[in-house]
Every structure is written in C-alpha cells, then in structure tokens.
Amino acid sequence: MNNSEQGYGARLKEEVIDPGFCSVCGACVGFCPYIKTFGERVGVIHDCKVCEGVCYRVCPRSPTQYHVLRQEVFGASEHDPVFGAYKAICFARAGSEHLRSRGQYGGVVTALVTFALKQGIIDGALMTGGNFTKAIPTLVSSVSDALQCAGSKYTSSPTLGLFQEAVKEGYQKIGVVGRPCQITACRKIQKASEISGGKISLVIGLFCMGSLLPEFYSFLKENHLDRYERMDIPKDILFQGAGGDVMIPFEDVRRFIRLSCLSCYDPLSELADVSVGSTEHDPGWNTLIVRTAKGMDMVEKARFTGDIETKAYPPDLLNVLREAVFNRKKRVLECPESMYLDVPPREKDYFLTAGGDA
Amino acid sequence: MHKMGWQDVIEGRPGDRVLLNGNEAIARGALEAGVRYASSYPGSPSSEIVQTLSKVPDSELYAEWSVNEIVSLEGATAASFAGLRAICVMKADGLNVALDFLTSMNLGGCKGGLVVTVADDPQGHSSVKEYDSRYLAKAAMVPVLEPSTVEEARAMAIAAFNFSEQIKGPVILRSVTRISHSRGLVELGKSVREDKTASLPAGDRFLTKTIFHMKARDRLIKAAGIFEDCGFNYSEGPDKADTAVFCSGTSLLYAREAIETLGLNDEIKLVKVGTTFPLPEKFILSHLRGLKNAIFAEEVRSFIEEGIVLLYARNNLGKICFYGKLSGDVAGVRGPACGEMNVDIMIKALAKVYGIHYEAPGYTPEKTAELSALVPPREYAMCPGCPHRASFWAVKTAIAVDGRNSIVAGDIGCYCLGAWDTGFNLFDTLHCMGAGPGIASGLSKLGRFGLKRPTVTIVGDSTFYHAVIPGLINGQYSGSDYLCVVLDNSVTAMTGHQPHPGSGISVYGRPVNAIKIEDIVRGLGIPCKIVDPYDNFLAAETICAMVREPGIKVLIFRRECALVAARKQRRKRRVYVDQSLCRGDACGCGRFCVSVWGCPGNIWDHKTGKANIDEAVCAGCGVCASLCPAGAIVVEEVE
Ligand SMILES: Cc1cc2nc3c(=O)[nH]c(=O)nc-3n(C[C@H](O)[C@H](O)[C@H](O)COP(=O)(O)OP(=O)(O)OC[C@H]3O[C@@H](n4cnc5c(N)ncnc54)[C@H](O)[C@@H]3O)c2cc1C
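Heads up: the sequence lines are chains U and Z, in that order. Using this note's numbering, read the first sequence as starting at 44 and increasing by one per residue. Using this note's numbering, read the second sequence as starting at 1047 and increasing by one per residue.
Treat the hints with care, as some may be off.
Ranges of calculated distance between the beta carbons of each label pair, as one might list FRET restraints [claimed, not checked]:
id	chain 1	residue 1	chain 2	residue 2	range
1	U	VAL186	Z	VAL1684	38 to 44 Å
2	U	LYS161	Z	ASP1578	49 to 55 Å
3	Z	VAL1558	U	GLU212	45 to 51 Å
4	U	GLY349	Z	VAL1684	52 to 58 Å
With a cut-off of at most 25 Å between alpha-carbon atoms, the simulated DSS-like pairs for lysine-lysine come out as follows [to be verified]:
id	chain 1	residue 1	chain 2	residue 2
5	Z	LYS1575	U	LYS264
6	U	LYS92	Z	LYS1653
7	Z	LYS1599	U	LYS264
What the hints contain is simulated information worked out from the structure, not anything from laboratory work. Predicted model only: the values in this text are computed from it and were never measured. Glycine is no exception: its CB is placed at the ideal position from the N, C-alpha and C atoms.
I would like the entire structure built from these sequences, with the hints used as guidance.
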C-alpha cells in the first residue's frame, strides 16, 4: 500500500508493531476504538485514517527526536550524554521500614508516589500492580493502592492504556510510574491536547535494560517458578519464596527480551522528573536521579518529611553505571534497527567515534 | 381474523381457495397425500414445509428437525420402509449431505411414498451457492418433478407420493425460491389416504448391493413411462409452430410473459416440462418434430436443454436450431447458467431468435447506469444487536492484538456475513457446513512446511450439531492446533429460528433435555470456555489467551439471537448518546459507531454532527456503549 493512502494506525502497525518494536507501553491504547491490548500485546484493529495520528505521535517507537523532547522538558539545562539531564544522583530509600520491605529495592518509587499523593502533587497515578507472574496496569488514588503496586514486574505492562480512563474519571494531576519507553511516551502525550495530555503532571521513570515477552509467563509456569513470591535480576534471575530461593541463568530468559528493548537508547528514563533504579550493590537502596526542578522540589520535601532517605553515591560505583550505560547506548546507535531514533550527529559521535570523550 | 398460512394448510377444507406460499402448498399436498413422517434440516428456502407440518398433532404426523440432511433422510426412509408416506425436506446444498444415503437407498428402493423435497436457490438469495440439484438427482437416479406455480406445487406433492409408490423408490420434488417463497391461490383438496399403520413384517429387508443398480435403472424406465401421460407436461399456444420454448419450473411464467410482450402468441409454442428427469421422451419428440427453433427456459443450468439436445441427436428430426444456456443465448447479466431467470432474459432471447428490435420500457441503459451510481452501495447487514457482530469484533480485535495474522476459516449460517463488510471481512475461507474445522485442522498441520499463521474457525451452534463434531473429533485425534469459536445463539437463526438439540425445545415447542455443546466438546477431551460476546472486552481477551494455547480448543460465544430475544419482549434496555460527551468528528474515532461498528441502531445526526441511537431499531445490547472511546453511549435499564 502506498504510504499516502495509509492512516496512522496502519503506519503504527507496519512500522512499529509488526516488526516487533512495540514495547507495550500502552500509550496508543484507550482513546480510540481501534487499538487494543490483551496479554501484553498491542494490536491495531482497523486503520481508521481519520485523526491526526495521535496513536502514532505518542508512540515512543515512532520517529523520536530526543534532543527536541529534552529541550521541552529541561530547557537549556546541562545534558550529560550518558546520564541525561540531572540535578542530583544519589542513593536513596524509603523512610519507612514497611515500605522498604515491600519495595523492589529501597522502595523509593512507592515512597515518592505515596508522598506525591499525600501532598496533592498528584491526585492519581498510573502504576503496575499484580506480581511477576502477571502484571496488571492499575490506576491508583490512595496510598494503600500504591503500596499494592510495589515490586518490579519484568514483563511489559501496558500501563499507559489507563490514561484515558483516568481522564474520564476526572483526575486532573496524574502521576505515572513507568519504564523508559513509557516515560518518553508521557512526554509525547503531554503535547497531545486532544487527549488531555496536559493532565500528566509527574513522571517517575524506572531504570530498565529490557522487559520480557509474555511468553515468559508460560516459561514461569512450565518451570514451576510461578510459585515464588519475588523475582529479581541481580545478574542472573533470582526467585525468592518462603520455601527458599532459586537462581536460574539469565541466558535461559534472554530469548524473551523484547526486540523493542534491544533498540532502546534510554535505559535510565532520561525524560522523567526523577529516575529510580537499583544500586547493583545494596538491595536495600535505590539509585535516584533527580532531573527536573519539579522532581527536585518533591525529593527535597520528601527528604525533609522523612518519606525518603538519601546518601551519597559512591564515585567508583557511579563509574560502573556510567560505563554500563555508555556501552548500552553505543550498542544501540550501532544497531541498524534503531530507525526510530533521531540523535544529533554530535551525540552520535560521542558514542561511536570519540569513545566517550566529549 | 386473518388466518396464517399454516392454519389454512392444516384446517382448510376441501374446495377452499386460500393464499399459500409454495412451501405451505407442498405441506398441504403432503397432508392430502396422507404423509405420516416429515423431517428436515432447516435450510432456506425450504424451511416452512416442516415448520408447517409440525403444527399437526403428532398422533397424525411425526415431524422432526433433524441435525442434518442425511440423518433426516434416513429417518424418513425408515417410515417408507414401514409402508408410511414420508417427506424429507432440504435445501439444495443439503442434498449433497444426504446423497451418500440417497444413492445407496435408491438401489434397493423403498416402500411407502417417499418424497425428497429439495429447494434450490437460484441467485443464492439466502445461500452461498445457486446449486442446480437436478444434476445430483440424475447422479442418484432419482426422478424429478418441477412445479411452475404454487398451485402446481401442491398437486405435484400429492402426485410425487403416488409415483414413488408406483416405482418403489424415492421421488424428488424440486422447488426454487420463487416457488417456495411466493404466494398463490391454492384450491385445497381432500385427503386421499387415511391409512396410518406402520408395519415392517419379518422378511421385508432393504439392502444395498451392486446388482441392484439394475433395479434403479428399471425404476427410471418405469418413471419415464408414467410421466408420459401424467398431466404435468403440456403445451400452450399454436399446435404447429416453427419455434417452441421448452421450459420447466418458474421459467414457464417468464417465457409466457415474454411471448406475450413480444406479441408472438401465434408463433411460438410453449412446451412445459414438469417431469424433468427422466424426460418424457415421446411427449418431447412429438413437439420437436417439425420445429426450426427450440429455445430453453429453466433454472439454473441447462438440464432439460442437455436432455432434449441428446434426444434430438438420437432421432432423425432434420435441422433444428437450439437456443439456450449451452448456446449462450439465454443469459442474464451474469451470463448463461449463472444467476436467476427472469422475463427480461426470455424477452432478450426471443427477440434475438426473431430478429426483433426490442427496447424495454423505462429508462435507457445509460440512464439506468447513471441512476445506479446514485444509489449508495448496500451491503448485507446483520440485525441490530446481533451477537455475531459483537463476536466478529472480538475475533477481529483478538487477531489484531495477537499479531500473528491468524487465518479465519468461516462456516455456514447467518454468520456467513463474517466474510463481507458487515462482518469486518473476517473470513479467509467460506464453503459448506462443517468446512471450517476441517480446513482449520488441515492448515494447522502445515507448520512443518513453513505456514506460520495460526488458525481460527468460526461455526454456528446449529452447524455444530450438523457437521462440526466429526471435524472436532478428527482434529483432536490427529493433533490439530486451532481455536474453534462456536457462535451459540440458541437457535437455527438463519432459516427462521428453528430449535436445535442445544435449544432444549422440540420441534413441537415442548421442552426437552438440551444437549449442550460444551458437554460434547469436553467429552472429546477438548478444552472449552463459554463467554458472552456482549462482554466484548472479555470475549477478545479470552480469544487472545486461547489462541496461544497448544492443540485444539473451543470457545463458545453464547448469547441468544437478538430477534428471538426481542420477540420474547423482555425488558428492553434504553441506549442513548449523551450529546455532551460525544465529541462528533473531533473525536478521532472516525464515527466508529456508524462507520465501522455498523449496527443499524447506531445513526449519525448530521444536524448536530454527533452520534445518535435509533431507538426504534436498537435492541438494547449496549455493546456499542462498551466500545465508544468517549464513553458517550449510555445504557439505561427501563422498568
Ligand atoms: C522491566 C523492568 C526492568 C528493569 N531493569 C532494571 C535494570 O536493568 N537496572 C536497574 O537498575 N533497574 C531496573 N528496573 C527497575 C527496578 O527493578 C526497580 O523497579 C526500581 O529500582 C525501583 O525500585 P523500588 O524499590 O523503588 O521499587 P518499588 O517501590 O517496588 O516500585 C516499583 C514500581 O515499579 C512499577 N513497575 C513494576 N513493574 C513495572 C513494569 N513492568 N512496567 C512499568 N512499571 C512497573 C510499579 O508500578 C511500582 O510502582 C527495572 C524495572 C522493570 C519494571
């Protein structure tokens, strides 16, 4: 079919979904009847050819100019090619012991959402509940709801598919916790006034080196791993439960990593207000990157109220993180499949030829 | 008060002149002939025959909606074996299903009058094909009678029983849609046979053996003899003429009108052949002799034409020119032997033979083309609230989300519409009843040769009992991998809501134990889920999950046919569009409810530029409300 005859739905299908670049963020779902998601897959049911392609515009895997989005989020703030724009990087954890015990690591994400809800910074949040055997997109409006979503699910929850529901239900200041693709989508959604994108008012990004295909769920079942309580990927895959722990080699699940994730240039959720990851060192703590003024303001206040605690990032560990992310970005820029990516030549050079020397 | 046709059929007295449709006339004929056993698998345009006969008390007449045509014919034949008169009714396609038995039984023959009524559907008004069943009758060596009018349908039905008993074999009464579904005045006769004793004495055996082939042949020879002076073959117009139109069935009327229109009454002889197989050769030869032109008028293909041309070849008759479907001279817009006959086709053919320039009154072809362009294209449509629409949307949604471009093997029922626009062009294959699971099973074996697309088949509930079960067993046994979606609307909807084994209602409308689809499926060891397609999200989600499961699996979409539900006059739900919530053309849905969803209950208000509901039409299912992206459609329970 000739491209000019195609609607945006068809382009989304042909350029993103069919080749496997969809990360199931859920951004294109929910505002039109033609795109639906079940079982962590997204499908374009019918090429509507009518609207101005909101679905395509908000997709994190449609052509994406990171430098333009950065400009819009951070203005002229200084930008680190590896870590992105940031105001602070530190170790952090939830102030509450209870929260920490529920969180994946230090529980910072849960603590910050809880804090933002209590403070009225947001009136609702799109989060991911369920557990590692089934991720469930969840619209939360209370502290207890938020707590129910603690813990990482390593599959691809289409959480943003609930955004329109939140809008319909009247939420005005919506927070989002998401993977980097979802954070990119949030920034694109914020510009789409026809779907009330402006109602997204806080984005908390996760570090993410990739999410897993839904076939992973069958793998868990087949290998009786679904009876464990918690899953983590320190290096290999760790399943923890009352009856003891088990570790399976990462290689066993490599085949479940989404193609879209292999071409992701944004492991640290660079466009978020704050980004949260592991420390790769101490499972009781998180890495926290504070990026925007809004993020900074919230983190400062949360620290003041004791909702979170922070401590300095050990410089040697920061170098480890820098190197890992550098290599990741370099690999993605070299990968010819990363067609959606529009990175300025200078930035490309930094990774591909200068070898990290700006 | 005005009586329904079936009341006239059953209660009408001899000498009454009543308006009946062709099917009712056949039913009346059968009753007058003393029929005691009537069975059928419903199929348009034949369904009203047994529907009507089922109103007779079952002490007088046993009626049955069978699960398919072959068991139906076997049952009716059993009654014939016991000396009773029996009728078995089917549509043309059904004769294929019954054929295995028919070709066997017809060797040994039967006893009580056995009439197989087959209703063809030229133009396929309510069928996927316009089968000419006479060719099957010929293959099965069974005589064929073809009525030209509703009145004659009654008379032929009675005669067919007599012929059958005379030759000791079955007789086919071939109707077509224009007989079965048009109305005509019929003068009722009196019952000719009161006997209703079934007896099958020891030693009366009915067997099939190759050598009985000769019996079947001899029976045809006997039938031909009987047909020569049976009164159903006659001529009209001048005794001596250069040109004759040989016609059968409804084409008699078209030919008659064409001759009158062209003012050729004095020049053309009309030869009506009512017994089209075997042909009454003496009768036809008497009319062929001395002819210069022979024209043929029949529905659908060139059956009598072939027979008569062959007769000509075997006799020394001088030069006659033949004009028909074989020669290509009798042809409508679809060309010869395709599509339904009509008066225009016959006028055109006669005008051609006579070199007459004839212009049809009315618009010129150019004007017709111009006006046709103004008429919006009209697709087949499903009823408002039809659960199939919801089911199709769920399947379409699930296939899109699943992302592997599943192949959809369709099947036969109202849901044939799944092949076209109104069913979102979902089907990739569509053939006969039961074909879906067979094709799905075959496709699912081709993974080893590189076929990567998964397979889904969609079948109906009545079809399930008719022809799907063997396919499922075959699939399960052979290790197939496909999802079979059963659209269970609790009745045989397409043909007029006859009950089936799952309905829990007998042919007489009395409650019986329902044979549940899920029980059968699970009995085969096949996993089975049941979902209401109106719960469209769950429906699509369930398909998405099930297509990924290995092996063969069945998903039943259960929701009563919207027409049946409406007739029960349940409390209807009111559905309306909240005008403040509908975003009109600004929505970005592209008028989903009217342009894609396509339920007749969803309409567009061009004045306000917003969606609306035609409350007179809306069935209150509320599925559109669950799909509207703006949440603008509201469903309200009404007391
Ligand atoms: C798929 C995936 C891959 C990740 N890979 C890395 C990695 O390589 N390196 C690293 O340092 N960190 C990674 N993380 C982040 C890490 O697992 C923790 O989520 C993060 O450190 C926050 O920890 P916490 O204790 O504050 O979490 P919690 O307080 O327990 O909060 C976790 C939050 O994550 C959200 N969430 C859970 N699963 C998903 C999901 N699938 N999609 C979107 N949101 C989800 C929940 O809504 C919850 O609010 C990954 C997370 C995910 C979901």
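Now for the hints, and whether the structure bears them out:
no., hint, verdict
1, VAL186/U x VAL1684/Z: 38 to 44 Å, "holds, 41 Å"
2, LYS161/U x ASP1578/Z: 49 to 55 Å, "violated, 41 Å"
3, VAL1558/Z x GLU212/U: 45 to 51 Å, "holds, 49 Å"
4, GLY349/U x VAL1684/Z: 52 to 58 Å, "holds, 56 Å"
5, LYS1575/Z x LYS264/U, "holds, 21 Å"
6, LYS92/U x LYS1653/Z, "holds, 23 Å"
7, LYS1599/Z x LYS264/U, "holds, 20 Å"
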